[in-house]
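Colleague: Everything in the sequence shown is counted per the working numbering, starting at 6 for the first residue and increasing by one.
The reader is advised that the hints may include incorrect statements.
[As the list claims (entries may be wrong)] In silico DSS-like cross-links for lysine-lysine, where the CA-CA straight-line distance does not exceed 27 Å:
id, residue 1, residue 2
1, Lys100, Lys75
2, Lys194, Lys208
3, Lys75, Lys65
4, Lys100, Lys71
Please keep in mind that the hints were generated in silico from the structure rather than gathered at the bench.
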Amino acid sequence: MSMSQTNRLQQILLIVLVVQIALAVWVFWPKPAASQSSGPLLGDFSTDSVTSLAISDSEKTLTLAKQDGKWVLPDAGDFPVTETNVTTLLDNIEKVQTNRLVTQTDTSHRRLQVAPDDFNRRLELSLSNGTTHDLYVGSSAGAGATHVRLDNQPEVYLTGDLDAYNINPQAGSWIDTLYFTVPQTATTKLTLENSNGALEFVKDGENWTLSDLADGETFNQNAFTNMLNQVISVRMTEPIGTEAQADFGL
Numbered sequence: 006m007s008m009s010q011t012n013r014l015q016q017i018l019l020i021v022l023v024v025q026i027a028l029a030v031w032v033f034w035p036k037p038a039a040s041q042s043s044g045p046l047l048g049d050f051s052t053d054s055v056t057s058l059a060i061s062d063s064e065k066t067l068t069l070a071k072q073d074g075k076w077v078l079p080d081a082g083d084f085p086v087t088e089t090n091v092t093t094l095l096d097n098i099e100k101v102q103t104n105r106l107v108t109q110t111d112t113s114h115r116r117l118q119v120a121p122d123d124f125n126r127r128l129e130l131s132l133s134n135g136t137t138h139d140l141y142v143g144s145s146a147g148a149g150a151t152h153v154r155l156d157n158q159p160e161v162y163l164t165g166d167l168d169a170y171n172i173n174p175q176a177g178s179w180i181d182t183l184y185f186t187v188p189q190t191a192t193t194k195l196t197l198e199n200s201n202g203a204l205e206f207v208k209d210g211e212n213w214t215l216s217d218l219a220d221g222e223t224f225n226q227n228a229f230t231n232m233l234n235q236v237i238s239v240r241m242t243e244p245i246g247t248e249a250q251a252d253f254g255l
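Whole structure, please, built from the sequences with the hints as guidance.
Modeller: Given below as structure tokens:
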């Protein structure tokens, strides 16, 4: 091979190398539209437009619904929900932006816990115009950085407006759990009754007494005070309905 042929071959190889480098840069260079664009993740979403919200983790789903302008638990006899708890969550969903892109690949969804079969929280939102959205709230990447994804999009974003810890599918997180309360200072008599009989406690001045003590029995004031503090303020874990059932034991 002559010197001119060698030089010619080297020129061709150099051109091929430059083309390969340029192609690699074009393929792997971040796309401006995907990485730099910013806007709401749910474009047609507003807090007032939501008519129902189902919150799921890997074990349980809790449904909240708006009826006659009020939020309730439809699976618990329309038990009322604390309005601000729901609207705060919906306001935060409305704030989620698309300016912190993490990935556009489906294979990353399970690792980030935003996949249909592997998620931290799934929020199923129904809007008044008939549309629905499934929003996945995934793992945390640190303070103010939670992975989120809409189910019809491959893109995963970071947000500081939502975190799975504060989106709990337990009814007690969304209602006023106080079931019964009376002021301790206003309580003057307490009767406890079961199948074995009844105990009657009466307040005498600043102290309590137990009626009909047998000889040799003494009244434990401290034990009674601890019990009284429990019964004058009762909180529920969750409501189960509005009608008593036989298996409730009531």
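Colleague: Please go over all the hints and tell whether each is borne out by the structure.
Modeller: Hint check:
no. : hint               : result
1   : Lys100 with Lys75  : holds (23 Å)
2   : Lys194 with Lys208 : holds (6 Å)
3   : Lys75 with Lys65   : holds (23 Å)
4   : Lys100 with Lys71  : holds (21 Å)
In this structure, every one of the numbered hints holds.
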